[in-house]
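Hints in hand, dock the two standalone chains.
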Amino acid sequence: MNQIKKTFANPANIVLMALSIGINIAVGQLVAILKLPIYLDSIGTVLVGALLGPIAGFVTGILGTIIWALTLNPSVLPYAIVAGIIGLLAGLFGRRGLFTSNSPSWVGAIVGAVFFAAVSVFVLTLYSFTGDIWAIADKNGATISIGSLFASNQILFGTVTLVGAVLGFLLIKNGGYIGLAGIATGIVAAAVSAPISTYTSGGLNGSGTDVLVAGFLAAGQSVLTSTLGQGIISDPFDKLASFMMVWAIINLLPLRVRDRFEQ
Amino acid sequence: MPTRYDSLHPLTKLTWAFVLILATYMSPVLWLSAIICLAALLTTAASAQRVSIVRVYPLFFMPIIVSLLLIRGVLLPDVVTRPITVAGYSVSLDALASAGLIILRYCTLIAALFTVIQTTPTTQLMQALAERGMPRSIEYILLMALQIIPDMRARAAAILEAQQSRGLVIKSLVSRVRALLPLVGPLVVGALVDIEERAMALELRAFAATSQPTRMAVIVDSRAQHIARSALLLSAVLMIALRIAGRLPS
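Protein sequence lines correspond, in order, to chains A and B. Offset between the first sequence (1-based) and this note's numbering: plus 14. Offset between the second sequence (1-based) and this note's numbering: plus 2.
By construction, these hints were calculated from the structure, which means they are not laboratory data. Keep in mind that a hint or two might mislead.
[What the hints assert, rightly or not] Now the in silico label distances, taken between C-beta atoms and shown as ranges:
id, chain 1, residue 1, chain 2, residue 2, range
1, B, Leu175, A, Ser115, 27 to 37 Å
2, A, Leu181, B, Gln126, 47 to 57 Å
3, B, Ile37, A, Val271, 55 to 65 Å
[Stated by the list, open to error] Here are a few chain A residues that face chain B, going by a calculated C-beta distance under 8 Å:
id, residue
4, Val29
5, Met31
6, Ala40
7, Ile47
8, Leu48
9, Pro88
10, Leu91
11, Ala262
12, Leu267
Bear in mind that the values here come from a model prediction, so they are computed numbers and not experimental data. Even glycine gets a Cβ: it sits at the ideal position worked out from N, Cα and C.
Chain B on its own, in the form it takes in the complex (with noise of 0.2 Å):
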């Protein structure tokens, strides 16, 4: 059941995501990038995916977390003062906090792109970006990528059985480095074969067509998304104005 934050036009989701993760950026002190961290993981929870986007949280965060941590808070911290004893081993609080507001910022890009990749259908994400004049041929070229990756994959996957077949040998350094040029040159000279057939569905599909193309998908847009994207956009431009300004200090 998709809720009301799954519903939402496209633009208005990537438009949030944007500010969140500008505002963070600017936010010179943890506190604030704290609510805007806090706010991304809202957001999240917002959607009916909730649970199978947060799941995969923590593949994304933990690594930079425990490295951030470790090299730029305990082990090689940039500051050393404001120091406490935590198990008879000395470290900067503030060495801590300038890793947190890191922490913090990375982990709000993650969670804010994440949650709108995973809550839109790229085809509607395409479909809204080419009705605000987005080129025909960038989203042909998205698209299409989107639905070769499988295919490639497979098709990867395939040659190397077919050249393991032949006696492909995969085990020392020198050997895997040799295997290269045999697996990654059938896969690009395969591709290129293609191209000609795939090229040809295009064109008769009326790539070439000059006429606007009609959609069968209606994307719902409001008069209130409508202002809250432009509010949302005006904050950007004035958090942008004031950092230049020098009113945010870095």
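So here's chain A without its partners, still in its complex pose (with noise of 0.2 Å):
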């Protein structure tokens, strides 16, 4: 709790969260301009929580989303516990040290493809089976149907798994660790908000993103089932590409400036 106060009574730290929120919606603004597939709107609330904490980040997420509401468009502010989380997440993983621990390339190569190998086994299973997925489940069936799902397409799996390894040997460089821990905020982050989409706007949003949840839908998946699909295509890589930046920004700082902020 003292450790709380601690940070918001420091002027610092105050302007480097309000100065977060407006890197969210600066770096936004460029990805829209670089016709990125991406959305890379967090990469402020993740430098938070790696430099000031879980709880800085948490509060960053949540504020940035009220002014992303002010100021764009008040349909995010559901979601604010969604940008809370993803700081929460980056502040626990920086306790961790992640953010300035280097990984040997190699590793960098596996997450690419057990990431690339498990995407696209999920999609798969999502268009295979008719009728809702956790059900199956339930039926102890979905062991051997993914593994028959396997041997059907094996080539396809093959082929996507070698792709993820080499993406992952060359983007993801030293950044294995980090890009593990993007990834696994990019699912709970997906699985927060799926939820939360289903029940304020029937999973939909009107972007591109509306036909991978229509893809879903047609293969006879339920709403939620069908936005969760959609979340784990996207937000995963969203959450990568954002965790591994500032991973590399924070590596770029001279200790000077690093040294000052708390983790």
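Structure (structure tokens):
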């Protein structure tokens, strides 16, 4: 409790949190100019989590969403908790020193390969089964079915996993650990935002990602599962990129600047 | 010329918006949600800025209305009862109704929030919340962030131009991905370098003072508004209690 009070009593921390909210919005603008298929709108939140800890990250996520709602679009307000959780997780990973540690390159390749393989299994599972995926899992049929999925799509899985490994080796490089943390955060973010999206807007938001949701709906999944499916495809990529960007920036910072912050 | 709605206490407007949103998500039927949505739109109409506010609504509403009607209502309905034929195409009335309910709820959410945001200066809203016990550090973060955003956007644009003048090319997907770190890096590092100066400015303005700061502006409140807010909050509690007790079907 005292630690939290101390964090919020230091003017430099207050300024960092405010600046990070500005960074979220300015980076969102840069990504739009670059026409990249990701958002990267939580870089500032992740930065605060990494530098000031989980509580400050959580608060920055929530306040950032409020600012987003005040200035750009009020429909993001229900997702404040998702942004908060991203900041919180970034803080917890930061406490473990993940934002300052390098991994060997082969870890990056493995992370990329496993991630691509997992996403393709997930997508194929949703598309191949009619009916609710969770109901199938309950009947203990899921493992056998995924096994048969593997058997009938060997070439596809092989290619996807190889592509993941190459991309992981080239892009993730020494950020294997933080990449993994980003992917994990993305999965949690998708799991938390799916029920919110389902409840507030029927799982759709009027943007391009609705096509993914529609695809899963067409395969016979429920609205919640379809929304989750869409999130699992787009969120981990986004958070992986955000975490790696913050990791790269923190490693660029002079020690004198880095040491000023609490973690 | 501000209307009576505009000059209401910020918390009164906020409570009203909150109750509208809660009510529409608790409402199980289309007609009730339609009335609540109408109430939200009438709230917009009660403001002096109604024209500029309503002008933005199609931007917020149209994409999701089209998406919901098309995907949930026509192409992939979750129910197929009560079919009717429209232009040779069979459409389920119940699927359209369920898409319609989501649309009404969503429109209420946006209209209620957006009207409060557009009719209340943020400084007033923050002051009203701070007077009710919101920590001052939170108020500082929110207000500072709002002031910093135009500055940060200008800085992002300047960094883009500077890197382009150094020969940064933005063409293929690979080049655009590569451009990311040279653009985001200086933005973040530049912001971090700024911290010291801005923190000193905060400290010089008695950030650490323990006494309550005095305010230049006074937000007008009235007994009637106080009672109205209490009644609205009570109705919100009642709605939640009824929903939990199962009196309102989902």
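Cross-check of the supplied hints:
1. B:Leu175 <-> A:Ser115: 27 to 37 Å: Taking Cβ atoms as reference, Leu175 (chain B) and Ser115 (chain A) lie about 30 Å apart, which means the hint holds.
2. A:Leu181 <-> B:Gln126: 47 to 57 Å: Taking Cβ atoms as reference, Leu181 (chain A) and Gln126 (chain B) lie about 50 Å apart, which means the hint holds.
3. B:Ile37 <-> A:Val271: 55 to 65 Å: For Ile37 (chain B) and Val271 (chain A) the Cβ distance comes to about 56 Å; the hint holds.
4. Val29: Constraint on Val29 (chain A) satisfied, holds at 4 Å.
5. Met31: 5 Å, holds
6. Ala40: This interface hint holds because 4 Å falls under the 8 Å limit.
7. Ile47: 7 Å, holds
8. Leu48: 5 Å, holds
9. Pro88: 4 Å, holds
10. Leu91: 6 Å, holds
11. Ala262: 6 Å, holds
12. Leu267: 7 Å, holds
Every hint, counting from the list given before, is met by this structure.
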